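Participant: Could you put together the complete structure from these sequences and hints?
Number of protein chains: 2
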Amino acid sequence: MPASLEILQQRLGHRFRRRELLLRALTHRSFAAEHNERLEFVGDSILNYTVAKMLFETFPDLPEGRLSPLRAALVRESTLADTARELDLGAVLRLGAGELKSGGRERPSILADALEAVFAAVSLDADFAAAEAVVRRLFADKVRQAERLAGGKDPKSALQERLQAQKLPPPAYRIEHQQGAGHEALFDVACDLGALGRVFRARASSRRAAEKDCAAQALAWLAARKK
Amino acid sequence: MPASLEILQQRLGHRFRRRELLLRALTHRSFAAEHNERLEFVGDSILNYTVAKMLFETFPDLPEGRLSPLRAALVRESTLADTARELDLGAVLRLGAGELKSGGRERPSILADALEAVFAAVSLDADFAAAEAVVRRLFADKVRQAERLAGGKDPKSALQERLQAQKLPPPAYRIEHQQGAGHEALFDVACDLGALGRVFRARASSRRAAEKDCAAQALAWLAARKK
Numbered sequence: 001m002p003a004s005l006e007i008l009q010q011r012l013g014h015r016f017r018r019r020e021l022l023l024r025a026l027t028h029r030s031f032a033a034e035h036n037e038r039l040e041f042v043g044d045s046i047l048n049y050t051v052a053k054m055l056f057e058t059f060p061d062l063p064e065g066r067l068s069p070l071r072a073a074l075v076r077e078s079t080l081a082d083t084a085r086e087l088d089l090g091a092v093l094r095l096g097a098g099e100l101k102s103g104g105r106e107r108p109s110i111l112a113d114a115l116e117a118v119f120a121a122v123s124l125d126a127d128f129a130a131a132e133a134v135v136r137r138l139f140a141d142k143v144r145q146a147e148r149l150a151g152g153k154d155p156k157s158a159l160q161e162r163l164q165a166q167k168l169p170p171p172a173y174r175i176e177h178q179q180g181a182g183h184e185a186l187f188d189v190a191c192d193l194g195a196l197g198r199v200f201r202a203r204a205s206s207r208r209a210a211e212k213d214c215a216a217q218a219l220a221w222l223a224a225r226k227k
Numbered sequence: 001m002p003a004s005l006e007i008l009q010q011r012l013g014h015r016f017r018r019r020e021l022l023l024r025a026l027t028h029r030s031f032a033a034e035h036n037e038r039l040e041f042v043g044d045s046i047l048n049y050t051v052a053k054m055l056f057e058t059f060p061d062l063p064e065g066r067l068s069p070l071r072a073a074l075v076r077e078s079t080l081a082d083t084a085r086e087l088d089l090g091a092v093l094r095l096g097a098g099e100l101k102s103g104g105r106e107r108p109s110i111l112a113d114a115l116e117a118v119f120a121a122v123s124l125d126a127d128f129a130a131a132e133a134v135v136r137r138l139f140a141d142k143v144r145q146a147e148r149l150a151g152g153k154d155p156k157s158a159l160q161e162r163l164q165a166q167k168l169p170p171p172a173y174r175i176e177h178q179q180g181a182g183h184e185a186l187f188d189v190a191c192d193l194g195a196l197g198r199v200f201r202a203r204a205s206s207r208r209a210a211e212k213d214c215a216a217q218a219l220a221w222l223a224a225r226k227k
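Note that the protein sequences, when read in sequence, are chains X and Z.
Our numbering puts the first residue of the first sequence at 1, with every later residue one more than the last.
Our numbering puts the first residue of the second sequence at 1, with every later residue one more than the last.
It is worth saying that the hints were derived from the structure and are not from the lab.
All clues given are correct.
Sample of chain X residues at the chain Z side, in silico, Cβ under 8 Å:
#1 E37
#2 R38
#3 E40
#4 F41
#5 V42
#6 S45
#7 N48
#8 Y49
#9 A52
#10 K53
#11 F56
#12 P63
#13 E64
#14 L67
#15 F128
Pairwise CB distance ranges, derived in the manner of DEER restraints:
#16 X:E34 <-> Z:R137: 26 to 36 Å
#17 Z:R144 <-> X:E184: 33 to 43 Å
#18 X:S157 <-> Z:G180: 44 to 54 Å
#19 X:A185 <-> Z:R201: 27 to 37 Å
#20 Z:P170 <-> X:S4: 46 to 56 Å
#21 X:R15 <-> Z:E161: 47 to 57 Å
#22 Z:R17 <-> X:R85: 42 to 52 Å
Over the 12 Å line for every Cβ pair with chain X, so calculated as not near, a few chain Z residues:
#23 E6
#24 Q9
#25 R11
#26 R19
#27 S78
#28 G90
#29 V92
#30 R94
#31 D125
#32 D141
#33 R144
#34 Q145
#35 D154
#36 R174
#37 H177
Remember, predicted model here, so these are calculated numbers, not experimental data.
Using N, Cα and C, we set each Cβ at its ideal position, and we do this for glycine too.
Facilitator: Set out below in structure tokens:
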């Protein structure tokens with residue numbers, strides 16, 4: 001097995017018995033008909049579960065409305081691509097000539113998909129628990145980082161302080177839509193980061209809850225952005 | 001423990017050691033501050049993984065683009081609410097007075113969320129494998145049903161035959177957007193079921209592949225609709 005695959009397995013903390021599973025996970029559709037897309041389909045859900053469980057354990061006091069945006073930030077393409085780069089996954093990808101020439105080894109979508117496929121390959125090579133362990137190892141720091149951000153503080157205050165620290169203007173909150181009243185009320189609120197060119201949206205049964213949720217999304221985005 | 005909770009556990013195929021976990025899973029936010037939303041957050045991903053894995057195993061020849069719409073149909077709210085009704089979950093839900101009066105025991109979103117929370121409660125009461133086994137038991141027939149639909153036949157032909165059998169007009173396919181060419185081409189195609197008032201959309205690198213994908217989505221929708 002080439003040295004680079006050895007190193008990858010060390011970094012994953014899993015040694016494959018069935019080498020073909022690892023190779024399949026690293027195979028883009030541009031390289032061969034036996035590519036990694038079906039593995040990615042399963043791996044995506046292994047990642048989603050494990051990160052959900054880690055957040056559930058790490059933040060016993062956070063409501064679901066705060067956990068969901070943290071998970072979204074941890075499992076989205078750019079975070080996965082960063083993680084794949086930490087593993088130097090690009091170097092061992094099997095890509096067709098066209099993809100190679102157009103910089104496929106660096107393309108975030110290709111890196112993210114291959115990483116998810118690797119999780120499924122581990123689960124098929126051993127079992128679900130082995131794949132969960134690999135995800136936990138790779139995402140432990142990122143979940144802790146999310147912890148620091150979400151830790152205790154109200155997300156609106158945390159967001160404002162964070163922007164201030166970067167000499168940026170405070171976020172602008174606005175109600176974009178409102179319907180019903182009392183128990184049935186629904187507020188669609190936007191949190192506009194202005195200079196950063198990003199708007200986050202949330203819906204909740206109170207304006208305050210919706211504002212908190214968008215602020216939490218914005219915080220998660222800021223955290224994942226700053227590697 | 002009330003007889004109805006006994007029956008629920010028999011139907012799930014899991015006996016809870018920690019009764020409080022089951023009760024928590026059945027508690028809507030309108031009933032108590034200790035409600036089921038955090039459990040639902042975890043349970044949703046247990047369901048997603050297990051159904052993905054079942055489809056992966058059941059359809060060794062289907063590409064990811066065909067598996068994803070099948071999963072979407074199997075895990076969406078209406079399918080989950082149907083499954084919750086088969087378990088008579090509504091009868092044991094713990095709802096606030098307002099929700100009770102407005103028919104909360106029958107509300108699809110409340111039933112679906114509670115069912116997902118139950119999966120997480122099983123995993124915390126025992127382990128992940130126990131929760132996976134419960135999901136497999138509850139979804140085995142539905143996955144098999146998906147199998148019959150997807151089995152071998154081209155989804156476009158299968159869809160046309162199915163609509164014909166119901167004396168409905170054939171679906172109308174149209175290209176809504178097209179960009180690039182050759183290896184880089186992308187087609188956005190819609191499949192319009194006309195009389196049924198539903199349009200399904202897919203994007204793929206060929207018109208034919210995109211048409212197949214929307215037809216597969218339409219089939220999955222028809223299958224889940226007809227209980």
